[in-house]
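**Student:** For the record, the sequence lines run as chains H and A. Note that the numbering used here numbers the first sequence so that position 7 is 7, with each residue one more than the last. Each number in the numbering used here comes from the position in the second sequence (counting from 1) with 1000 added on.
It is worth saying that the hints were derived from the structure and are not from the lab. These numbers come from a predicted model, not from an experiment. Heads up, some of the hints might be wrong.
Which chain H residues face chain A? A few, computed with CB under 8 Å, are given here [said to hold, decoys possible]:
(1) F16
(2) M54
(3) S56
(4) L64
(5) F68
(6) P182
(7) I186
(8) R214
Which bits of chain H does chain A cover? Going by a derived footprint, with three or more residues having C-beta under 8 Å, they are [unchecked claim]:
(9) 47-53
(10) 82-93
(11) 141-154
(12) 187-198
(13) 245-258
Heads up, the beta-carbon is just placed ideally off N, CA and C, and yes, glycines get one too.
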Amino acid sequence: MTDMMQVARREIKMGFRNPWAYSFLALFCTFSLSLLVINSQNIVQGYSAITGSMLSLILYLLPLMTLFLGSFSLTSEKEEGSWQLLSTYPMGTMSFILGKYVGLSAVLLIIVAFGYGLMGFISGLIGINFDATTYFLFLVFSAGLVLLFLTIALFIGSLSRNRWQALTISVSVWFFLVIGWPTFLIAILGILPYLWIKPLLVVLTIMNPAELVRLFVVIKLGGGSVLGPEYYQWVEWIGRPAGSWLFIGVCLSWIIASILAVYWIWERGRSRG
Amino acid sequence: MFSKGNGSHHIHKVRVWFMLILMNVVWIVPLNPGIVIASSISQTEAIALQPIIDQAQTGDVLVLAPGTYLGPVVIDKRLTIRGEGVVTLLNHSADSAIQINSNGVKLQEMNIQQDGDGESAAIVVRADQVTLEDLVIHTGGYGIILRGANGGVIRNNIIRWFIPKGQAPGTRGNGIDLYNSHGTKIMENEITYLRDGIYLENSRNTVVDQNKLYYLRYGIHCMYIDGSYVTNNIGEYNITGAMVMGVTNVVVSGNSFRKQNQNVHSQGILLYDVHTSSIVNNTVEGNRVGIYMEQSSDNDLRDNIILRNFIGVQFLGAEGNQFQSNGFIANVIEAEATDSKDNKMNGNFWDSFQGLDVTNVGTSDIPYAINPFYQQLISNNSAYQLFFQSPGMTFLSDMFTNGKEEWSTDHAPLMKLTTGAPAETASSYGIVMVVGWLLLFLSAVTIIYLGVLRI
């Protein structure tokens, strides 16, 4: 536990001395202010095309930012040799991985919190009305994206030898999960028997953190009816308070499963030298 | 609540007091979800109402003392019957509880419980100028039936379907059912759990105003009611909010139909064979289809808010309709037209469209063409609706711009919604500012303390 906290603390310190973190902070702040302006054009409360495009904008930026910061942090451990050094210490791999995860998520969540803080502060200052439910759901949406994509980032960082490799993989993973997702799915599922499509689509949606978090927020914003009769029962389920717990449960199992997988990769690398 | 008599000198007052019986009376207890279980009552405790009516003179005002009365009754002279306190009329017979055969009868402030189902009704009116006010009706079958009864007023009644104790659920009838009854005013009623809330057939110049209609088959169902007004009604969770068929010159305005989505045939407003009518200022939200129009021509659809429906507006064989200055917000499929021509769809507000108004006239200089790619995709398999407005989907549909000139197009879309949009409330924005402050402060402190300072 103390080992883990040491790693996490070191990670946060490194994180905030990294110029990358500050460039992302600046980018996210500009971005959150533009969201504020876009939202002020919104004429209805709850889900509308404006909130939809705001969600899309967040989906473009946050996962990419998370994948970069997360995967670079792990590859730099290998590149700079600090992991080789740490391996000689009596410290468990799990403490190392968990510490990395906790530290990195702290850094990223602080960046997100700063951006949203600025957004809320400015909206109050200049008197732009921002609905509290929407604001908190966007905060949850962003935090969820960061936490889930960070596990993918750890994967990428573990499998890549250096930063360049991590960068390439990160961009392709981001493109696949965020931009290309419907195109790939429609193409692939089109070949399969009709009855398989819906169950497979649901399973694959749970596997894609971007879609998982987006759909949760859409439903919570009251836009569940846009998903149509096929998903009424789901929408009703997730709309209830128990639905939030289900969502948290799915996210937690996502995180735990990926961390275990990352642990296995590192442990394997450690024992084989 | 309790309205006094009209104060005229000529009215004899007949007061009926049955104090002893009062002690043993068991009341009907209305339960909140709408379906009521009536406590059974032995017939000896209830007073038969027909002898009291038989004794009254034409023009009398009968004020019924609190208590339970027994039907069925036939009113064949001009009477005003009003309940004082809690007055309940029970009818265990298969006939209708009250039959009104004389003009000018008024019924006010009573509870009526009609056990019979199917074609039997709590009240059947076969006379003109009848007023039914402040009644609470629980019926196993129909609520109020008007046959050849002109100029009636049906105001502020509550009509619900119920299952009489110890009986199997009966066949639901309509809440208010008019046939060949012209010039009736139906206002401020609340109707739930029946078949059709308000059913109008062959009844011209009827006014249906400010009624509340929940959990019905059709909230308002009307046929051949030329020159009628359907205004300011609220309908939720019905299969169809308002079904208007075979009419000309009807006004449907200010209604709000929400959440008609539980059935595969659900819609907010259905217009079939409707001509030269105006459908204005309505709000349709969260329905399967917001406004559905078939075989209808020369109507004016204006200033409606079409919000979060699966299909905003659907036309089938509709010609020459004006469709202007409506607001389309977050509909999955905004508008769909089949075999329809010469409809003018101009100057509407589309929230998914970013216009450009160089000339500053309030309408965009860029036309809005509705991309049918997503619609075609989900009509092949509705499971793909999960992709609605996902970033990748936007990306994909933007690439399919083949045959753009054939898409439904609004040539001068509105830049801003002009009609009464559901306004945003300003109640919560203090919280956002305070939370914003806190987040900003905490994150800045953390960055400085953990990152910048060298401890």
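**Student:** Taking the hints in turn, state whether each one holds.
**Tutor:** Hints and how they fare:
Restraint check, F16 of chain H versus chain A: the minimum CB separation of about 2 Å is within 8 Å; hint holds. Checking M54 of chain H against chain A: minimum C-beta separation of about 11 Å lies over 8 Å; hint violated. Annotation: S56 of chain H was flagged as interfacial toward chain A, and the flag holds, the nearest CB pair being 4 Å apart, inside 8 Å. The closest approach between the C-beta of L64 of chain H and any C-beta of chain A is roughly 12 Å, which is over the 8 Å cut-off, so the hint fails.
Taking 8 Å as the C-beta cut-off, the interface hint given for F68 of chain H is violated, the closest approach to chain A being about 18 Å. With a least beta-carbon distance of about 4 Å to chain A, the hint placing P182 of chain H at the interface is held under the 8 Å criterion. Interface restraint check: I186 of chain H against chain A, minimum CB-CB distance 7 Å, threshold 8 Å, status holds. Because the smallest distance between the Cβ of R214 of chain H and any Cβ of chain A comes to about 6 Å, under 8 Å, the interface hint for this residue holds.
For the stretch 47-53 of chain H, the stated coverage by chain A is satisfied: 6 residues place a CB nearer than 8 Å to a CB of that chain, which reaches the threshold of 3. Residues of the stretch 82-93 of chain H lying with their CB closer than 8 Å to a CB of chain A number 0, which falls below the three-residue condition for coverage. Look at the stretch 141-154 of chain H against chain A: 0 of its residues bring a Cβ nearer than 8 Å to a Cβ of that chain, fewer than three, so the hint is violated. With 3 residues bearing a CB less than 8 Å from a CB of chain A, the stretch 187-198 of chain H meets the requirement of three and the coverage assertion stands.
Chain A is given as covering the stretch 245-258 of chain H, and this is violated because 0 residues of the stretch bring a CB closer than 8 Å to a CB of that chain, at least three being needed.
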